[in-house]
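Q: What follows is each chain in one-letter form.
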Amino acid sequence: MHTPPPAAARYEGLVTRAIAFAIDAAIVNLIGLLVGVVIGLALSILTIHDSLRVVLVACGGAAFILWSVGYFVVFWSTTGQTPGSRLMQIRVCREGGARLEPRRALMRFGGLVLAVLPLFAGLLTVLVDDRRRGVHDMLTGTVVVSAPVRD
Amino acid sequence: MIREAVTWPARALGRRAEDLALAALDSALGSRVGAEAVDRVLASALTARAVSRVLEGPLVDAVARDVVRFAVIERMGDAILDDPALERMAASALDSPVTERLLVQVLESRLVDEAVQRVLAGEEMWLVVDEIAQSPAVTEAITRQSVGFADQVAGQVRDRSRSADARLERAARRVLKRRQTGDPGSS
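Protein sequence lines correspond, in order, to chains E and G. To convert, take the position in the first sequence, counting from 1, and add 63; that gives the working numbering. To convert, take the position in the second sequence, counting from 1, and add 27; that gives the working numbering.
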């Protein structure tokens, strides 16, 4: 169930979104690190051939990428809020207020990577756009609105 | 009739004798001799022996039983506690500089330090502290306070980030020489 943005929706700016993203990045990395340490320790007692070690590292890298993408795609397409967004009381939704489909959430993640690659230039549009949209928002028709928690 | 005629003078005589006896008692009690007699009686070995026998005997037990049975202490306590004079006395005692001096002396004495050290050294004290610290009411209060504090910090971060957003956007618009149309955050 999603909450459509109110008639006078408040779009959230770059700093608020960056803080929410930093919290999410910390969560993703912390969990990835913990899992990596546990698996590394478990494998350390086994004798592994060098070629197999390379394969395992590649698998670990792929799993981390999957985990990172899955984290954002699942949260965006279910509640519209990652834990970081929830803490900052913001929400991702479509321009009409509808929830993102998984495919659109995946595209938004891809757009975000593209926006970040040229030294974050794709995010600068948030500063000047009337609805504070980044390039990835414009590509996927999404906005980030405030979602205050009601007591 | 005849009987009445005989008994009336006898009753009058009896009353007169009672009055005389009471007057004699009053004069004896008021006299120096009376006071001296009381002093001598109280100082006598006989009185001391009598008191000792009373205290040794079953009278004390009987009195104690009756004091409990008739709730004498409770009644006295109620009467004393209900009396507003007690409240006044307590208030004036607390206000008096003598009480304050006494209290300061007690607090500055070694006695308090020793008492505190003994309490702190005792294992029971830490058992009580442990018990209180692990009680659901305390843990719930700490949890609630921690959550409240985290909420407060998060709220401050949100407020500051939003004002930083506004400042950053104003600066970006100045650089790009774009006019701002209303609040950029609102639809």
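It is worth saying that the hints were derived from the structure and are not from the lab. Built from N, CA and C at the ideal position, the CB exists for glycine as well. Mixed in with the good hints, there may be bad ones.
Stated by the list, open to error - Covered stretches of chain E (in silico footprint by chain G; criterion: 3 or more residues with CB under 8 Å from a CB of chain G, positions within the stretch not fixed):
#1 73 to 87
#2 172 to 180
As the list claims (entries may be wrong) - If you want the ones that stay clear, here's a sample from chain G, every Cβ over 10 Å from chain E, calculated:
#3 42
#4 78
#5 117
#6 135
#7 151
#8 184
#9 192
#10 193
#11 195
#12 196
#13 203
Q: With reference to the structure, classify each hint as holding or not holding.
A: Hint-by-hint comparison with the structure:
Check on the stretch 73 to 87 of chain E: 8 of its residues sit with their Cβ under 8 Å from a Cβ of chain G, so the three-residue criterion for coverage holds. With 0 residues having a Cβ less than 8 Å from any Cβ of chain G, the stretch 172 to 180 of chain E misses the three-residue criterion, and the hint is violated. For residue 42 of chain G, the condition that its CB be more than 10 Å from all CB atoms of chain E holds, with the nearest at approximately 90 Å. The claim that residue 78 of chain G is not at the interface with chain E holds, since no C-beta of that chain comes within 10 Å of its own (minimum 76 Å).
With a least CB separation of 47 Å from chain E, residue 117 of chain G remains clear of the 10 Å interface cut-off, as annotated. The Cβ of residue 135 of chain G lies farther than 10 Å from every Cβ of chain E, with a closest approach of about 51 Å, so its non-interface assignment holds. Every Cβ of chain E is farther than 10 Å from the Cβ of residue 151 of chain G; the closest lies at roughly 42 Å, confirming the non-interface assignment. Some Cβ of chain E comes within 10 Å of the Cβ of residue 184 of chain G; the nearest lies about 7 Å off, and the non-interface call is violated.
Residue-level check failed: residue 192 of chain G sits 3 Å from the nearest beta carbon of chain E, not beyond 10 Å. Not every C-beta of chain E lies more than 10 Å from that of residue 193 of chain G, the closest at about 7 Å, which undercuts listing it as non-interface. Distance check for residue 195 of chain G against chain E: the nearest CB is about 6 Å away, which does not clear 10 Å, and the non-interface claim fails. Not every C-beta of chain E lies more than 10 Å from that of residue 196 of chain G, the closest at about 5 Å, which undercuts listing it as non-interface.
With a least beta-carbon separation of about 6 Å from chain E, residue 203 of chain G fails to lie farther than 10 Å from that chain, contradicting its non-interface assignment.
Checked against the numbered hints listed earlier, the structure breaks hints 2, 8, 9, 10, 11, 12, 13; every other hint is satisfied.
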